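Enquirer: One-letter residues, chain by chain:
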Amino acid sequence: MEKKSKLSIFTNGLIKENPILVLVLGTCPTLALSTAAMNGIYMGLALTFVLTCSNIFISALKRIIPDSVRIPCFITVIATFVTIVQLVIKAYMPELDGILGVYIPLIVVNCIILGRAEMFASKNTIVDSAIDGLGMGIGYMIALTFMGCVRELIGAGTVFGMAVTVNFLTPFSIATLPPGGFFVFGCIIALMNKLTKGKVREKQENKCMGCPGSSFCSKSQEGGCDQ
Amino acid sequence: MKAALFLVFTAIITNNYVLVQFLGICPFLGVSKKLNSAMGMSVAVTIVMVIATAVTWPIQTYLLDPNDIGYMQTLVFILVIAALVQLIEIVLKKFIPSLHKALGVYLPLITTNCAVLGVCVLNITNEFTYGQALLNSFGAGIGFMLAMFLFAGVRSRIETNDYPEAFKGVAGTLVAASIVSLSFLGFSGLVSGLFGM
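Order-wise, the sequence lines are chains A and B. Under our numbering, the residue at position 132 of the first sequence is numbered 132, and the numbers go up by one with no gaps. Under our numbering, the residue at position 58 of the second sequence is numbered 58, and the numbers go up by one with no gaps.
Worth flagging that the hints you see were computed from the coordinates, not collected in a lab. Quick caveat: nothing in here was measured; it's all calculated off a predicted structure. A virtual CB, placed ideally from N, CA and C, is assigned to each residue, including glycine. Careful, some of the hints might be misleading.
To be verified - Far from chain B, by Cβ distances over 12 Å, these chain A residues were calculated:
hint, residue
1, Leu7
2, Phe10
3, Phe49
4, Ile64
5, Pro66
6, Glu95
7, Val127
8, Asp128
9, Ala130
10, Met141
11, Val159
12, Gly161
Unchecked claim - Stretch by stretch, here's where chain A covers chain B in the computed footprint (C-beta under 8 Å, at least three residues):
hint, region
13, 14-22
14, 65-76
15, 114-125
16, 163-172
17, 177-186
Input sequences plus hints: build the corresponding full structure.
Expert: What follows is the structure, encoded as structure tokens:
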């Protein structure tokens, strides 16, 4: 791999390989938690913390972890940081625990984190891995918050809890329900396709890219499970 | 009996793990292109979900809770699921090779399927008894299968249709999923009405 500047590693996660908008990774919490803009910030912070810390640790341990058991090792490291986040949220922000609920423990199986551990942290230096984790995490936070803004605006007429259109427009509450999540997400990706003239779609063509198992799945070399 | 059926149908329809609770979206979008692979994936997920619940529930109740280490839940559960998936794969390979051939591809992917970990964690958070937890996991698996089955049908139709260039690929799939999800929204109230609960 050619040497990349620190800045390009950081912006890679923000724009070029944005985990939500370009790679379409970690869709479960994206769809479930984007009902309000504020959720995006909270979830984004939790994910950024776990991603950065696990990237640092995995990068530091990359020479010690045997190749054949690397996936369980990665999962153990990730689960440790997720437990830390879980305990901190339970202790200091109990109401947030109610909102994020099961999606906090589910950060463990979030494709973004395992994917970055496998693709980046296990091959790069500690500093680069930390920057990559930060960039990916912040990219995730921005995309999730943006999607939350759209859904909150349409579904409740507010953004970050402040009234915008609610006083003169009846909110379409469907946008905050599950079908609205799929629909808004689909439209945002279509918009990305339009803006980048299909470049985003080319990246999504590789089906296994969005799959957390792509690195250890025999089918990924043959072009995906669908083939 | 009525309560048991109520629990199963709630998990299948009104609380569908994929379309209503958003768990397991990755395989839902990724492996739903062909009906065969969609069914293979769902059968494997259902089996793993039930076995994982059968193992994780006693671990939480008899091992973690009495020793006051409930906070180890996430770490223990994911490792147990990973080990279980490996074990199921080895057992299938040895004793039922035909089934292993059909489901083997999907098994390694299930470790990181959030629906499996999600159902194990939710069984504990909802304070289900052992029986209820098993029924809920079974319902969740069948619900996953139903969603995959319906969506594979929908997808095979939209593939051949002509729709805006920008929506081709993932975007169109998501919009189609939105419509399938809408139909599940229409079922809310059905189950409680059916069983009078």
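Enquirer: In terms of Cβ atoms, is chain B entirely out of 12 Å range of Val127 (chain A)?
Expert: 27 Å, holds
Enquirer: Looking at Asp128 (chain A) again, its CB stays over 12 Å from all of chain B?
Expert: 24 Å, holds
Enquirer: Mind checking, does the region 163-172 of chain B have 3 or more residues with a CB under 8 Å from chain A?
Expert: holds (count 9)
Enquirer: Please check whether the beta-carbon of Met141 (chain A) is more than 12 Å away from every beta-carbon in chain B.
Expert: 18 Å, holds
Enquirer: Taking the shortest Cβ-to-Cβ distance between Leu7 (chain A) and chain B, state whether it exceeds 12 Å.
Expert: 29 Å, holds
Enquirer: May I ask you to check that Phe10 (chain A) keeps its beta-carbon over 12 Å from the closest beta-carbon of chain B?
Expert: Correct as stated: the minimum Cβ-Cβ distance to chain B is 25 Å, above 12 Å.
Enquirer: Evaluate the condition: distance from the CB of Pro66 (chain A) to the nearest CB of chain B exceeds 12 Å.
Expert: 16 Å, holds
Enquirer: Within the region 14-22 of chain B, is the number of residues with a Cβ closer than 8 Å to a Cβ of chain A three or more?
Expert: Three-residue rule met by the region 14-22 of chain B, so holds; n is 4.
Enquirer: Checking a non-interface call: every C-beta of chain B should be farther than 12 Å from the C-beta of Phe49 (chain A). Is that right?
Expert: 15 Å, holds
Enquirer: With d taken as the least Cβ-Cβ distance between Gly161 (chain A) and chain B, does d exceed 12 Å?
Expert: At about 22 Å from chain B, Gly161 (chain A) clears the 12 Å cut-off, so the statement holds.
Enquirer: Evaluate the condition: distance from the CB of Ile64 (chain A) to the nearest CB of chain B exceeds 12 Å.
Expert: Correct as stated: the minimum Cβ-Cβ distance to chain B is 19 Å, above 12 Å.
Enquirer: Far enough from chain B: is every CB of that chain over 12 Å from the CB of Glu95 (chain A)?
Expert: 16 Å, holds
The earlier numbered hints are all upheld by this structure, with none contradicted.
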